[in-house]
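Residue numbers (the working numbering), protein chains in the order written: chain E, 969 to 1106; chain Z, 969 to 1106.
Just so you know, the hints here were simulated from the structure itself, not pulled from any lab data.
Check the hints yourself; a few may be wrong.
Stated by the list, open to error - Pairwise CB distance ranges, derived in the manner of DEER restraints:
{"id": "1", "chain 1": "Z", "residue 1": "ILE1051", "chain 2": "E", "residue 2": "ALA1099", "range": "46 to 52 Å"}
{"id": "2", "chain 1": "E", "residue 1": "GLN1100", "chain 2": "Z", "residue 2": "LYS1087", "range": "22 to 28 Å"}
{"id": "3", "chain 1": "E", "residue 1": "ASN1091", "chain 2": "Z", "residue 2": "GLN1100", "range": "45 to 51 Å"}
{"id": "4", "chain 1": "E", "residue 1": "GLY983", "chain 2": "Z", "residue 2": "LYS985", "range": "21 to 27 Å"}
Said to hold, decoys possible - Taking lysine-lysine and the BS3-like style, the derived pairs with C-alpha atoms no more than 25 Å apart in a straight line are:
{"id": "5", "chain 1": "Z", "residue 1": "LYS985", "chain 2": "Z", "residue 2": "LYS1054"}
{"id": "6", "chain 1": "E", "residue 1": "LYS1054", "chain 2": "Z", "residue 2": "LYS1048"}
{"id": "7", "chain 1": "E", "residue 1": "LYS985", "chain 2": "E", "residue 2": "LYS975"}
{"id": "8", "chain 1": "E", "residue 1": "LYS1059", "chain 2": "Z", "residue 2": "LYS1059"}
{"id": "9", "chain 1": "E", "residue 1": "LYS982", "chain 2": "Z", "residue 2": "LYS1053"}
{"id": "10", "chain 1": "Z", "residue 1": "LYS1048", "chain 2": "Z", "residue 2": "LYS975"}
{"id": "11", "chain 1": "E", "residue 1": "LYS982", "chain 2": "Z", "residue 2": "LYS1047"}
{"id": "12", "chain 1": "E", "residue 1": "LYS1059", "chain 2": "Z", "residue 2": "LYS1047"}
{"id": "13", "chain 1": "E", "residue 1": "LYS1054", "chain 2": "E", "residue 2": "LYS975"}
{"id": "14", "chain 1": "Z", "residue 1": "LYS1048", "chain 2": "Z", "residue 2": "LYS1059"}
{"id": "15", "chain 1": "E", "residue 1": "LYS975", "chain 2": "Z", "residue 2": "LYS1087"}
{"id": "16", "chain 1": "Z", "residue 1": "LYS1087", "chain 2": "E", "residue 2": "LYS1054"}
{"id": "17", "chain 1": "E", "residue 1": "LYS1059", "chain 2": "Z", "residue 2": "LYS975"}
{"id": "18", "chain 1": "Z", "residue 1": "LYS985", "chain 2": "Z", "residue 2": "LYS975"}
{"id": "19", "chain 1": "Z", "residue 1": "LYS1047", "chain 2": "E", "residue 2": "LYS1053"}
{"id": "20", "chain 1": "Z", "residue 1": "LYS1048", "chain 2": "Z", "residue 2": "LYS982"}
{"id": "21", "chain 1": "E", "residue 1": "LYS1054", "chain 2": "Z", "residue 2": "LYS975"}
{"id": "22", "chain 1": "E", "residue 1": "LYS1087", "chain 2": "Z", "residue 2": "LYS975"}
{"id": "23", "chain 1": "Z", "residue 1": "LYS985", "chain 2": "Z", "residue 2": "LYS1048"}
{"id": "24", "chain 1": "Z", "residue 1": "LYS1048", "chain 2": "E", "residue 2": "LYS1053"}
{"id": "25", "chain 1": "E", "residue 1": "LYS1087", "chain 2": "Z", "residue 2": "LYS1087"}
{"id": "26", "chain 1": "E", "residue 1": "LYS982", "chain 2": "Z", "residue 2": "LYS985"}
{"id": "27", "chain 1": "E", "residue 1": "LYS975", "chain 2": "Z", "residue 2": "LYS975"}
{"id": "28", "chain 1": "Z", "residue 1": "LYS1087", "chain 2": "E", "residue 2": "LYS1053"}
{"id": "29", "chain 1": "E", "residue 1": "LYS1059", "chain 2": "E", "residue 2": "LYS1087"}
{"id": "30", "chain 1": "Z", "residue 1": "LYS1054", "chain 2": "Z", "residue 2": "LYS1087"}
{"id": "31", "chain 1": "E", "residue 1": "LYS1047", "chain 2": "E", "residue 2": "LYS1059"}
{"id": "32", "chain 1": "Z", "residue 1": "LYS1087", "chain 2": "E", "residue 2": "LYS982"}
{"id": "33", "chain 1": "E", "residue 1": "LYS1054", "chain 2": "E", "residue 2": "LYS982"}
{"id": "34", "chain 1": "E", "residue 1": "LYS1053", "chain 2": "Z", "residue 2": "LYS982"}
{"id": "35", "chain 1": "Z", "residue 1": "LYS975", "chain 2": "Z", "residue 2": "LYS1053"}
{"id": "36", "chain 1": "Z", "residue 1": "LYS1054", "chain 2": "E", "residue 2": "LYS985"}
{"id": "37", "chain 1": "Z", "residue 1": "LYS1047", "chain 2": "Z", "residue 2": "LYS1059"}
{"id": "38", "chain 1": "E", "residue 1": "LYS975", "chain 2": "Z", "residue 2": "LYS1054"}
{"id": "39", "chain 1": "E", "residue 1": "LYS1048", "chain 2": "E", "residue 2": "LYS985"}
{"id": "40", "chain 1": "Z", "residue 1": "LYS1054", "chain 2": "E", "residue 2": "LYS1054"}
Think of the CB as a built atom: it goes at the ideal place given N, C-alpha and C, for glycine as much as any other residue.
There are 2 protein chains.
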Amino acid sequence: MKTDKNKLAEIFPKGEKGSSETFTGNAYPTALVEADSVYNTIVGNVYFEPGARSNWHSHPAGQILIITDGVGYHQIEGKKIEIIKKGSIVKCPPNVRHWHGASADVGLQQLYIVPNIEKGIVNWDEPVTDAQYLINDK
Amino acid sequence: MKTDKNKLAEIFPKGEKGSSETFTGNAYPTALVEADSVYNTIVGNVYFEPGARSNWHSHPAGQILIITDGVGYHQIEGKKIEIIKKGSIVKCPPNVRHWHGASADVGLQQLYIVPNIEKGIVNWDEPVTDAQYLINDK
């Protein structure tokens, strides 16, 4: 795993390294708004070191990502990768598989919003292979 | 209105100055996620210059604020003011009046999340007077 060349802005605590069952590389998820029945919304931050990415996964009610610093990728299954960076907002519809993470050279700071959690939060699937990731990292 | 002593981080475009019908002072709201029936969630950013604040208002399904830089205030009607700053997360329950804005000396960059918008988005009320604001700005 490469060292991050850029020092990214840190708004939230870095937290603990995320599980290798759901992330490849060094990703640091931090919960900011826990599940409840008033707001029906969870919010959190993930710092992805360069090369780190989530597994493929889906959300029963979809997901909104807000990129606060760095450069990375978001891919909805069957579509081309989107390059995401500071200021980007991307959405993934309900029950559609996607993955997101840092670029190979620059890390990524991203907020996630999962709305309507009365429908469910997340279903995790298999890792994004190096071949899948590197095809995108052209 | 005082000049901002601190240069705050800008993640999103500053946008146009918000209406004096809903803000006191110089506030710059920017919509990031528009209303739709898939996510039922709106997201936006507001940059408040020092001294600027929203009017009193309420949200039929509540609101979540995420502070990305600066220092400011959040007050739920009938409760003490909360000082909010970079990294703070605050919530206001459904149908409860509140206001938020910058401190007198330092501006505020804040994301807002309004969930469950099928219940409504916002009901605007009267301005926060200088007396109400300055009591808090002790």
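Hint by hint, here is what the structure shows:
no.	hint	in the structure
1	Z:ILE1051 <-> E:ALA1099: 46 to 52 Å	49 Å, holds
2	E:GLN1100 <-> Z:LYS1087: 22 to 28 Å	40 Å, violated
3	E:ASN1091 <-> Z:GLN1100: 45 to 51 Å	47 Å, holds
4	E:GLY983 <-> Z:LYS985: 21 to 27 Å	37 Å, violated
5	Z:LYS985 <-> Z:LYS1054	22 Å, holds
6	E:LYS1054 <-> Z:LYS1048	35 Å, violated
7	E:LYS985 <-> E:LYS975	18 Å, holds
8	E:LYS1059 <-> Z:LYS1059	23 Å, holds
9	E:LYS982 <-> Z:LYS1053	17 Å, holds
10	Z:LYS1048 <-> Z:LYS975	28 Å, violated
11	E:LYS982 <-> Z:LYS1047	31 Å, violated
12	E:LYS1059 <-> Z:LYS1047	36 Å, violated
13	E:LYS1054 <-> E:LYS975	13 Å, holds
14	Z:LYS1048 <-> Z:LYS1059	14 Å, holds
15	E:LYS975 <-> Z:LYS1087	41 Å, violated
16	Z:LYS1087 <-> E:LYS1054	31 Å, violated
17	E:LYS1059 <-> Z:LYS975	30 Å, violated
18	Z:LYS985 <-> Z:LYS975	18 Å, holds
19	Z:LYS1047 <-> E:LYS1053	38 Å, violated
20	Z:LYS1048 <-> Z:LYS982	30 Å, violated
21	E:LYS1054 <-> Z:LYS975	18 Å, holds
22	E:LYS1087 <-> Z:LYS975	41 Å, violated
23	Z:LYS985 <-> Z:LYS1048	28 Å, violated
24	Z:LYS1048 <-> E:LYS1053	38 Å, violated
25	E:LYS1087 <-> Z:LYS1087	17 Å, holds
26	E:LYS982 <-> Z:LYS985	34 Å, violated
27	E:LYS975 <-> Z:LYS975	18 Å, holds
28	Z:LYS1087 <-> E:LYS1053	32 Å, violated
29	E:LYS1059 <-> E:LYS1087	17 Å, holds
30	Z:LYS1054 <-> Z:LYS1087	30 Å, violated
31	E:LYS1047 <-> E:LYS1059	13 Å, holds
32	Z:LYS1087 <-> E:LYS982	35 Å, violated
33	E:LYS1054 <-> E:LYS982	18 Å, holds
34	E:LYS1053 <-> Z:LYS982	17 Å, holds
35	Z:LYS975 <-> Z:LYS1053	14 Å, holds
36	Z:LYS1054 <-> E:LYS985	22 Å, holds
37	Z:LYS1047 <-> Z:LYS1059	13 Å, holds
38	E:LYS975 <-> Z:LYS1054	18 Å, holds
39	E:LYS1048 <-> E:LYS985	28 Å, violated
40	Z:LYS1054 <-> E:LYS1054	17 Å, holds
This entry does not satisfy hints 2, 4, 6, 10, 11, 12, 15, 16, 17, 19, 20, 22, 23, 24, 26, 28, 30, 32, 39, going by the numbered hints stated previously.
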